[in-house]
Amino acid sequence: MAILVDEKSRVIIQGITGREGMARAQLMKDYGTNVVAGVTPGRGGQDVYGIPVYDSVEESWEKQGPIDISVIFIPAALVKNAALEAMAAGVKLLVIVPDRVPIYDVLEIARVAKAKGARFVGPNTLGLLSPGKAVLGMIGGRAQRAREWFKPGAIGVSSRSGGMTSAISYYLTQAGLGQSSIIHVGGDAIVGLSHPEIMELFEQDEQTKVVAMFGEIGTTQEERVADLIEAHSFTKPLIAFIGGKAAKSGTRFSHAGAIVEGTRGSYETKVKRLRDVGAHVVDSIFDIPKKAKELLK
Amino acid sequence: MARLYEYQGKKLLREGGVRVPEGSVAFSPEEARAIAERIGKPVVLKIQVWLTGRAGMGGIQFADNPGQAEDKARQMLGMKVKNYVVDRILVEERLNIKSEFFAGLVMDDARKCPLLIFSSVGGTGIEEIARQNPEKISRLAVDVGDGVAEFEARNLVRKAGLSGSVMLQLADLLTKLYKVARAYDARSAEINPLVLTAEESVYAADCHLVIDDYAVFRHPELGIEVAREFDRPPTELEKIAYKVEEKDYRGTFYFFQMTERIPEGDKYIGFHGAGGGGSMMSMDAVLNKGFKLANYCDTSGNPPASKVYRAAKIILSQPGIRGYFASGSGVASQEQYHSARGMVKAFREENLRIPAVIRLGGNFEEEAIRILGAYLTDLPARVEGYGRDDSPEFCAGRLEELIAENNGALHIVQPIADPKIPKDAYAFDTLTGRLSIDHQKCAACQTKGCVGACAPKILKLEAEKPVLAIPAEDARKGKCTECLACEIFCTYHEQKAIFIHLPIPGLKEYREKILRG
Chain A
1 MAILVDEKSR VIIQGITGRE GMARAQLMKD YGTNVVAGVT PGRGGQDVYG
51 IPVYDSVEES WEKQGPIDIS VIFIPAALVK NAALEAMAAG VKLLVIVPDR
101 VPIYDVLEIA RVAKAKGARF VGPNTLGLLS PGKAVLGMIG GRAQRAREWF
151 KPGAIGVSSR SGGMTSAISY YLTQAGLGQS SIIHVGGDAI VGLSHPEIME
201 LFEQDEQTKV VAMFGEIGTT QEERVADLIE AHSFTKPLIA FIGGKAAKSG
251 TRFSHAGAIV EGTRGSYETK VKRLRDVGAH VVDSIFDIPK KAKELLK
Chain B
1 MARLYEYQGK KLLREGGVRV PEGSVAFSPE EARAIAERIG KPVVLKIQVW
51 LTGRAGMGGI QFADNPGQAE DKARQMLGMK VKNYVVDRIL VEERLNIKSE
101 FFAGLVMDDA RKCPLLIFSS VGGTGIEEIA RQNPEKISRL AVDVGDGVAE
151 FEARNLVRKA GLSGSVMLQL ADLLTKLYKV ARAYDARSAE INPLVLTAEE
201 SVYAADCHLV IDDYAVFRHP ELGIEVAREF DRPPTELEKI AYKVEEKDYR
251 GTFYFFQMTE RIPEGDKYIG FHGAGGGGSM MSMDAVLNKG FKLANYCDTS
301 GNPPASKVYR AAKIILSQPG IRGYFASGSG VASQEQYHSA RGMVKAFREE
351 NLRIPAVIRL GGNFEEEAIR ILGAYLTDLP ARVEGYGRDD SPEFCAGRLE
401 ELIAENNGAL HIVQPIADPK IPKDAYAFDT LTGRLSIDHQ KCAACQTKGC
451 VGACAPKILK LEAEKPVLAI PAEDARKGKC TECLACEIFC TYHEQKAIFI
501 HLPIPGLKEY REKILRG
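Protein chains in written order, with this note's numbering: chain A, 1 to 297; chain B, 1 to 517.
So here's chain B without its partners, still in its complex pose:
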């Protein structure tokens, strides 16, 4: 769920006709001063973070003049709260508050509709107030076809105990709040407090909007960088991972970091799950062994080998992990050898030195386990593959033993070298990369096994050399499924003539930064 900052949400509300305090966002004390000057009234400064209870953290301050606003902003910018370093504050006119209400919109999974909630009490501690004063809360199940009618909104406010001009203003605001939420595919929206000023005007004094991840594509104007449910801004590595996901529609790839800096002495591992339920079960198994997770990663929904490869490369960009644990539900419907090949390519390129336990249960798991067993024997690290009849607990136990055998050695991140491809190599584009074959090396090849290994059968021999059997355009559009079988075969059994370049934008630079410390 992509969260919007308060100032972004308020901008959408203002455009939707809801009255919000005058103000704007500042990234420096000087900007804060300039905004306060423009407003020309006492202001309030509010840190912009995805957290509630900001007042208690010192995240809401008042200033009577621009000079004060600048001083306060200087104190607030750079403040550390929970997972955040504050980098922006909202500077806006200070309201003369007479009373506070609450308005919210959530999804009701039982009735399968949005639920509009209004409370005639609001402000700090709303959850407790709601528990103690149920009569002050009213709810409306919204028909997504009809939206919220004025009369429905009036009844909603009336039932919470309000009347007169305030009721009319609030009802008007509620209909507009729903329209904004609907227009921007917000799966939740909240105004707390909703304020009545001494001048008898209703204002949205705060605003939390959460946009549906799945509908972010409809709203490029919102500039949402990572459409994921984070309670902090995404890390650099998470942004790199999200770019991979954005550019490849095949399967789902989710990557979340628990820590960016692994503390010395703690037993951290890289985690690579497949499917939500199986991943959770597998996480429990390694956590029960006393390990900590550097990251959570999930590749599911039938991703190609190339996507799993990229996920593995990203997981292995975390220095200090002691092992690699991959495990899903155990009985997956998808062909498991794609994941196996993706990991093989990544582990080979990294010359993996920490142990890996890979539980790839499901369709064709025998083939997946065979691939893991056959193509990694020359690595420094032990890699073991398991299937549906091996429990996550057993596999986590194996990882524990292998890490002990490896003396708990820490993963060292390698720089990413530019691929060495001869200029005259035979090459064609794939959906997300480029496949090259050094035909000079093919002369020494005995088996020509790459053609047989190719799963979609798009390679053929021409003058004893492998070439595309289909138009290059078709390969680029996805007929080459990036199954990686040809490269892995050629690398392990033959002349190392085939290389599939699968770029991960930003990862090279990221690793260089890590290596510089």
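Chain A extracted, bound-state conformation:
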């Protein structure tokens, strides 16, 4: 088991002929991801590393059969259209890699996803990887490295930082601990699947015994994970690190956020909420492997 993706998932790459799309197509294919097609309007008929390219998502579905996942490498300003196209064709999981997608575009994608029963990871995500099975996005950079750095095992990793997704997983591997799935939920204020939704998936996954979470200041994601633990909807041991302790709180410009969220979003609140419900909050990411070993016993 793993969450969201395994070696059988049928994947397409939107923007496969671009600089990033091409480089990451190679990573995904070499790692073993079942990439069945690529899409770049106007480039239908070409191929990239043996992956056939089509003019639209609908066409790739017609020619290659049902598509489970689309990984999007499209300039930020065009991401919304690409996402809507994939969902219109029937794709139920999107991985939106680009950075700098306008926030209202993300909200519109979220609205359509909800109506169609689709989900998305990102935007501004490095992607996700189920060790030994499949990678979506660019985690690991090259297949060979991804195989060295990440090993199958019992730890689920969910992170709001791309680099730290790899770093935590790598340090776990170094300590002899493999991972079930590792996910960068994306660095933006509004993302598709956020920490709490990922925790719910890890809860259902038999392979996952312990979860490591890299949180950050801002948003309510970590507080909502605490809510899940409190409601017994997430029952597996959770190790959490919250970044941004040193960030100065600064001068606040807006009252509205404070009215809605109160003190939610701050470093202190997140740490306290998580500790109160029994999560293991560590002060350094280098403490995660040791803690995970204890919890696995």
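Simulated from the structure, these hints should not be mistaken for laboratory data.
Predicted model only: the values in this text are computed from it and were never measured.
Please note that the accuracy of each hint is not assured.
DSS-like, lysine-lysine: derived pairs with alpha carbons at most 25 Å apart [what the hints assert, rightly or not]:
#  : chain 1 : residue 1 : chain 2 : residue 2
1  : B       : K98       : B       : K159
2  : B       : K179      : A       : K114
3  : B       : K112      : A       : K116
4  : B       : K176      : B       : K11
5  : A       : K291      : A       : K245
6  : B       : K112      : B       : K176
7  : A       : K245      : B       : K292
8  : B       : K477      : B       : K247
9  : B       : K465      : B       : K496
10 : A       : K245      : B       : K267
11 : B       : K508      : B       : K243
12 : B       : K112      : A       : K92
13 : B       : K247      : B       : K508
14 : B       : K82       : A       : K245
15 : B       : K289      : A       : K245
16 : B       : K239      : B       : K82
17 : B       : K420      : B       : K465
18 : B       : K508      : B       : K239
19 : B       : K460      : B       : K496
20 : A       : K114      : B       : K112
21 : B       : K465      : B       : K479
22 : A       : K209      : A       : K8
23 : A       : K151      : A       : K29
24 : A       : K272      : A       : K290
Cβ-to-Cβ under 8 Å is the rule here; a few derived chain A residues that face chain B [stated by the list, open to error]:
#  : residue
25 : L126
26 : G163
27 : G244
Glycine included, C-beta positions come from ideal geometry on N, C-alpha and C.
Please build the complex by placing chain B on the supplied structure of chain A, with the hints as guidance.
Here is chain B on its own, set in the frame of chain A:
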């Protein structure tokens, strides 16, 4: 998040059909007087800064006539509040206030939609009022497809305890507020106070709009100079850095100064992170050693060597730093040698005299560390490269030791010399610069190693001299990835025939100004 000043926000509200007090912005006491004359009524003068609580700072003053307005403006302009020197004030008609409300729009990350908030109490201390009177606050989750319907806005106001004509006016305003926010990609909007006058008219008496950085490109009409979340106007160096970012879409470059003038005696360093999470972790490591950061910088998302080079040059435009610390997550997916080459070129040009510790963990870190080790041995400063198995704490410790060995010497900013390129040199344009090869020098070259070093393989030998193997147009469009490998090889091992000119507009002048003191 690009913030708009109150007067800019009010202009957008007015255009969107929201009633705002008559007035405009003044940059001098004389202008303030002229505006007050035009209004012909008692006025209020408000400093234009991105801060709340202006009244308590003396930033809101009243004037009964134009002469008074001029005097008050003279006192207010040049006022120093927090990080600001006040350079503009809003002069507008004074309202006859009967009661105050609050309206705001924020992003709800849990529900993934905008949230419209209305409070039937408003004004100073709204957060406390909200805590004590939750029944006076109402919220509406907005459907971005449908927008805010009149009936929804009416219910929002009604639930906060208002009715009658005031409710209708407020509901109308709320629908318009959302339309303006949506039209300008505002990720937050706030009117506090929202005022009911003695004449029973509703006015937006204040306005804070924050535009989504990522959507600023859709709104050139707003004239936003730096689409970044600052709580003060950007510094000159930040503006120079932002121009670099704007002109190069490859990867992300963020630069923020903690201080423009480093106090004597304090241990400041230049900071160069990669990726938000890793940067924060790395910052903590150096802060724990008792260092202070002159700046925060982040180059991530697979930037080319040329962008990292420019970032390093900008960081090294800060006199008084004692060291250079670069560190990211430690296990980056991107090829790390691009960053290494960017730093090598910058450090060589600067003839670096302060120590640098560079933690470039991730893909091809071995190659990155080799580059840092091989090409900087002739510099006065020690530069050490580390990888994924070296913790930020260890690296910060190394920096501390190297700075001590260097007796805490301060970085001295160098002037930027114009490149000396022979007129007849072979040259072609790259995406953001120009590469030149002095073919006369190539005659003495033994290895022709530049051709082999070129990562995208776009150089070839012609009559024993390196030239482009592709059309110049392709090189200019990005086939030359500005990996800098040819220049670094030629500079260190061969004839110093290759030079890649990567201009940073404004930096030369900035450094001259610093050198003049």
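Give me the numbers of the hints this structure contradicts, sorted from smallest to largest. Failing hints: none at all.
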